[in-house]
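For the record, the sequence lines run as chains A and B.
Using the numbering used here, read the first sequence as starting at 1 and increasing by one per residue.
Using the numbering used here, read the second sequence as starting at 281 and increasing by one per residue.
These aren't lab readings, by the way, just hints derived from the structure by calculation.
Computed from a prediction, not measured in an experiment: that's the story for all the values here.
No residue lacks a Cβ here, since even glycine has one placed at the ideal position from N, Cα and C.
Wrong hints could be hidden among the right ones.
[Stated by the list, open to error] Subject to a maximum C-alpha distance of 27 Å in a straight line, what follows is the list of computed DSS-like cross-link-like pairs (lysine-lysine):
#1 B:Lys534 - A:Lys200
#2 B:Lys556 - B:Lys530
#3 A:Lys275 - A:Lys250
#4 B:Lys534 - A:Lys198
[Said to hold, decoys possible] Under 7 Å between C-beta atoms, here's a sample of chain B residues computed to sit facing chain A:
#5 Ala489
#6 Val497
#7 Trp507
Listed below, chain by chain, are the residues.
Number of protein chains: 2
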Amino acid sequence: MTAAIVGLGLIGGSFALDLKATSFYSKITGVDINHENIDVALRLGLIDKAQDLGSAVMNSQLIIIATPVDAALNVLSQIMTMVSDQIILDVGSTKVPIVNAVSGNPKRGRFVATHPIWGTEYKGPAAALQGKLRNHVTVICNSEESDPDALAFAEQMYDSIGMKRIYMGAVEHDLHAAYVSHISHVTSFALALSVLEKEKETNTIFQLAGAGFESTVRLAKSNPDMWTPILQQNRTNILDVLNEQINQLKIFKKLLESEEFGKIYILIQKANEIKKIFDK
Amino acid sequence: MTAAIVGLGLIGGSFALDLKATSFYSKITGVDINHENIDVALRLGLIDKAQDLGSAVMNSQLIIIATPVDAALNVLSQIMTMVSDQIILDVGSTKVPIVNAVSGNPKRGRFVATHPIWGTEYKGPAAALQGKLRNHVTVICNSEESDPDALAFAEQMYDSIGMKRIYMGAVEHDLHAAYVSHISHVTSFALALSVLEKEKETNTIFQLAGAGFESTVRLAKSNPDMWTPILQQNRTNILDVLNEQINQLKIFKKLLESEEFGKIYILIQKANEIKKIFDK
Numbered sequence: 001m002t003a004a005i006v007g008l009g010l011i012g013g014s015f016a017l018d019l020k021a022t023s024f025y026s027k028i029t030g031v032d033i034n035h036e037n038i039d040v041a042l043r044l045g046l047i048d049k050a051q052d053l054g055s056a057v058m059n060s061q062l063i064i065i066a067t068p069v070d071a072a073l074n075v076l077s078q079i080m081t082m083v084s085d086q087i088i089l090d091v092g093s094t095k096v097p098i099v100n101a102v103s104g105n106p107k108r109g110r111f112v113a114t115h116p117i118w119g120t121e122y123k124g125p126a127a128a129l130q131g132k133l134r135n136h137v138t139v140i141c142n143s144e145e146s147d148p149d150a151l152a153f154a155e156q157m158y159d160s161i162g163m164k165r166i167y168m169g170a171v172e173h174d175l176h177a178a179y180v181s182h183i184s185h186v187t188s189f190a191l192a193l194s195v196l197e198k199e200k201e202t203n204t205i206f207q208l209a210g211a212g213f214e215s216t217v218r219l220a221k222s223n224p225d226m227w228t229p230i231l232q233q234n235r236t237n238i239l240d241v242l243n244e245q246i247n248q249l250k251i252f253k254k255l256l257e258s259e260e261f262g263k264i265y266i267l268i269q270k271a272n273e274i275k276k277i278f279d280k
Numbered sequence: 281m282t283a284a285i286v287g288l289g290l291i292g293g294s295f296a297l298d299l300k301a302t303s304f305y306s307k308i309t310g311v312d313i314n315h316e317n318i319d320v321a322l323r324l325g326l327i328d329k330a331q332d333l334g335s336a337v338m339n340s341q342l343i344i345i346a347t348p349v350d351a352a353l354n355v356l357s358q359i360m361t362m363v364s365d366q367i368i369l370d371v372g373s374t375k376v377p378i379v380n381a382v383s384g385n386p387k388r389g390r391f392v393a394t395h396p397i398w399g400t401e402y403k404g405p406a407a408a409l410q411g412k413l414r415n416h417v418t419v420i421c422n423s424e425e426s427d428p429d430a431l432a433f434a435e436q437m438y439d440s441i442g443m444k445r446i447y448m449g450a451v452e453h454d455l456h457a458a459y460v461s462h463i464s465h466v467t468s469f470a471l472a473l474s475v476l477e478k479e480k481e482t483n484t485i486f487q488l489a490g491a492g493f494e495s496t497v498r499l500a501k502s503n504p505d506m507w508t509p510i511l512q513q514n515r516t517n518i519l520d521v522l523n524e525q526i527n528q529l530k531i532f533k534k535l536l537e538s539e540e541f542g543k544i545y546i547l548i549q550k551a552n553e554i555k556k557i558f559d560k
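Start from the sequences and build out the full structure, keeping to the hints where you can.
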């Protein structure tokens, strides 16, 4: 069986490696408008060959769209005009725009909207890692809009690479994703900009920065080609949580200004409740 | 040689373990007003015995103050009335208040103000870890105010546990610490509060939260007994950077509202420059 991966970045490359390891797929075909990505993916053995989108769709049973989420809309609508009974998956971080884009399309049933929750702050095929998707969650959205056989195929693929499936409506997904992923990136970008703005002595930052700083600012290294369209597509939800975040910081600011440290103590204790989410 | 550790938490406990491993110290004495901490520290073998502050000071060559930074001011002023030629170190995250508190004290020279840059989000002696301080930086502040033999002793101690020493004035230290450590905690507390406020379905957070969220929110688990006094003591610097952070978030908010995604792209690219600090 042949799988085509459209978009040979960190995520597409990591799927290529994991699919190869399952032995379900004898061939992985890569599609990318960036020739350097193709060269690297071939050289690293992530893919067996490169093709244009039309040939890849024609010759594959499974097509995985792993481009930035803006390009994914275009790629999917092109694929929809070519596809017969193949299965198409996307793996993007926003789900409402893509399910809306194909709603009512006669080939809608061949598409399964998914969001595997994994990534690193690095980009490109050279950043791809094998076996890292295992045990992470993948969200399958609006599964009732996919043909039963396409859905079953996608489920089997995720099972084969060891991901845990959960199901959710696209609207609900995008709301939660704003809270537990997208806002973390915005705060991390803002933190990096604050520090770079004020700390001209980068050597001092380097020497003094502990693991705490590194972990809160790590996401600020994330790829603008990937993240700008996510912020664009999930703009309304992200604005909601961004307002809440600014509001919480203003509460800290006010309490620091008025030196109400007893109240700050209580806020920190409340924030500590986030433990119950991760330590269970 | 005997070392006394005052404050048997994560940091005090980790110093106890590392000092023991050097074989310079045949005995580690623990001091803590919390009896449970003492019991745990004895049971886990972090300390050889527990004493009250007076006896511990009298019977030790080195005294390490590892309490929260508010308690450290009191503990140090008490020790100053008891000490003859012992060496006293503190390991707190703020340095201006403690060096000011002992400025002009006849025993000032016996004290060395330090800040080893290491920690985790966990607390108490059971969270202590051996060998983790190694290769991290410790900042020694206002070293010219310490007696040469006391300074040399402290330097040797840090060398023996494998920490790298850097030197800085206390004022400069507290400014930089606000940027590269304290603000990360405030943004992480605020992020946890935002998410807990909006996401009542904690199970959804747990399932959807990727490594990105976990790393930005990890510090929100930090101990309020430790962090409230740090925010209190470094209030002015933290307010400066907090204002800058709110400002940066408002820029993102405005650009999202006006849908200026080209400008957001440029901001993310600028934030990416934080790479040069960590990836060098």
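Consistency of the hints with the structure:
| no. | hint | in the structure |
| --- | --- | --- |
| 1 | B:Lys534 - A:Lys200 | holds, 26 Å |
| 2 | B:Lys556 - B:Lys530 | holds, 25 Å |
| 3 | A:Lys275 - A:Lys250 | holds, 23 Å |
| 4 | B:Lys534 - A:Lys198 | holds, 21 Å |
| 5 | Ala489 | holds, 4 Å |
| 6 | Val497 | holds, 6 Å |
| 7 | Trp507 | holds, 6 Å |
Comparing the model with each earlier hint shows no violations; every hint is respected.
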